[in-house]
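The task is to assemble the complex, starting from two chains supplied on their own in separate frames and drawing on the hints.
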Amino acid sequence: NAGVTQTPKFQVLKTGQSMTLQCAQDMNHEYMSWYRQDPGMGLRLIHYSVGAGITDQGEVPNGYNVSRSTTEDFPLRLLSAAPSQTSVYFCASSLQWRTEAFFGQGTRLTVV
Amino acid sequence: GNSVTQMEGPVTLSEEAFLTINCTYTATGYPSLFWYVQYPGEGLQLLLKATKADDKGSNKGFEATYRKETTSFHLEKGSVQVSDSAVYFCALSPSSNTGKLIFGQGTTLQVKP
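Here the protein sequences line up with chains A and B, keeping their order.
Taking my numbering, the leading residue of the first sequence gets 7, the next gets one more, and so forth.
Taking my numbering, the leading residue of the second sequence gets -13, the next gets one more, and so forth.
Next up, chain B with everything else stripped away, as it sits in the complex (with noise of 0.2 angstroms):
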């Protein structure tokens, strides 16, 4: 079946550090990958996405590769600020036309100033 698991948080950096959160997945078939934001007190937000291998996804500093090889979809930015603070979820969109996401378990991360 299609799963997602992602680092276990919370994820605590000061800022300006170099952030990393890693997702691997399970899934059949060519899925599209994506992070969501979730910022407190709000729904989720699309940060980025990728729909096939080797495209990298890019918003805001974020950056995140779909490795079929390794079958992940790491999250990255070089230098995170104090509102970046939030819930990142990665997730996939498996191949059937149907519109579902299969999400992760979330990555909370706290930037200190």
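So here's chain A without its partners, still in its complex pose (with noise of 0.2 angstroms):
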């Protein structure tokens, strides 16, 4: 059982150039989240899913992008990379609401 995958695992990015971060979940779950984490920040919310074909803002939405076509996939885009968008980022999935989270290993990515 998978649980939750991202990829890439490490991501070097030029000012200006786009990508999209992968995350898919093989638990059926429906609830799916963004975050980033950030030295002395904890992780803040980027964009959250409660469904296939919806989405919501979370805290920090701006430059980031995000589709649920399925409820197995939640890519999240970056239109335009930014170095304060340098960052480790987390994709996570719950079943429901107030359960566990299952948390991706994350994606360590670096804007120059």
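Think of the hints as simulated: they come from the structure by calculation, not from any bench.
It should be emphasised that the depicted structure is a prediction, and the values quoted were computed from it without experimental measurement.
Just so it is clear, CB atoms sit at the ideal spot from N, CA and C, and this is done for glycine as well.
Please note that the accuracy of each hint is not assured.
[Claimed, not checked] Chain B residues, not near chain A, derived (Cβ > 12 angstroms throughout):
{"#": "1", "residue": "Ala3"}
{"#": "2", "residue": "Thr14"}
{"#": "3", "residue": "Gln24"}
{"#": "4", "residue": "Leu30"}
{"#": "5", "residue": "Lys35"}
{"#": "6", "residue": "Lys42"}
{"#": "7", "residue": "Phe48"}
{"#": "8", "residue": "Gly64"}
{"#": "9", "residue": "Gln67"}
{"#": "10", "residue": "Lys86"}
{"#": "11", "residue": "Thr93"}
[Said to hold, decoys possible] What follows is a set of in silico ranges between Cβ atoms, one per label pair, in the way DEER data are often shown:
{"#": "12", "chain 1": "A", "residue 1": "Pro67", "chain 2": "B", "residue 2": "Thr14", "range": "18 to 24 angstroms"}
{"#": "13", "chain 1": "A", "residue 1": "Gly22", "chain 2": "B", "residue 2": "Ala39", "range": "45 to 51 angstroms"}
{"#": "14", "chain 1": "A", "residue 1": "Gly22", "chain 2": "B", "residue 2": "Tyr16", "range": "43 to 49 angstroms"}
{"#": "15", "chain 1": "B", "residue 1": "Gly64", "chain 2": "A", "residue 2": "Thr76", "range": "44 to 50 angstroms"}
{"#": "16", "chain 1": "A", "residue 1": "Ser75", "chain 2": "B", "residue 2": "Glu2", "range": "33 to 39 angstroms"}
{"#": "17", "chain 1": "A", "residue 1": "Gly59", "chain 2": "B", "residue 2": "Glu(-6)", "range": "37 to 43 angstroms"}
Listed below in structure tokens is the structure:
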């Protein structure tokens, strides 16, 4: 059972480039979220989804897009990378609200 | 709005010492409360949770009690081990049906032999 799978694990981008961070879960979870982790700031919510076709903004959505065409996948798109987006990104899923969230291993992104 | 505040780290303890990591929260309604742990180079794992006032969550010797009167969810362990060295995050899930988590800033624990 793979759980939550994120790809890639590491990525270096140049300012202005675009890319998609992939997230897939095989637990049939309805709820999925993207967070970024920065030193001293904990994890901050970027976007979240309560089911296929439904997404909403979190605390720090600017510069990121998401879509949820299937229950399994929740990709995060960086439209035009900026150095301020250098961070570690985590995808998470949960079966229901208030239940345990399962996290991927993270993607370490550096924008130069 | 919803927020979580944790004690600042790093916390350095000797093996077998008593651990407390303070966590307080601000939320409307009745949130659920969680402690997650992150080992070096890994994602977060659920350590324990509590879904209503006066509930006690426990796992692997760690405990935390949901105190609505003091809006707190402090993490405790009676005797820490070197293997407990990690970053600990307090988090809340708001009353609304969204699956969102609001995290504190994390507390790094280092346990020395």
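Checked hints:
no.: 1; hint: Ala3; result: holds (25 angstroms)
no.: 2; hint: Thr14; result: holds (15 angstroms)
no.: 3; hint: Gln24; result: violated (9 angstroms)
no.: 4; hint: Leu30; result: violated (4 angstroms)
no.: 5; hint: Lys35; result: violated (7 angstroms)
no.: 6; hint: Lys42; result: holds (17 angstroms)
no.: 7; hint: Phe48; result: holds (15 angstroms)
no.: 8; hint: Gly64; result: holds (24 angstroms)
no.: 9; hint: Gln67; result: holds (23 angstroms)
no.: 10; hint: Lys86; result: violated (6 angstroms)
no.: 11; hint: Thr93; result: violated (10 angstroms)
no.: 12; hint: Pro67/A / Thr14/B: 18 to 24 angstroms; result: holds (22 angstroms)
no.: 13; hint: Gly22/A / Ala39/B: 45 to 51 angstroms; result: holds (50 angstroms)
no.: 14; hint: Gly22/A / Tyr16/B: 43 to 49 angstroms; result: holds (45 angstroms)
no.: 15; hint: Gly64/B / Thr76/A: 44 to 50 angstroms; result: holds (45 angstroms)
no.: 16; hint: Ser75/A / Glu2/B: 33 to 39 angstroms; result: violated (52 angstroms)
no.: 17; hint: Gly59/A / Glu(-6)/B: 37 to 43 angstroms; result: holds (41 angstroms)
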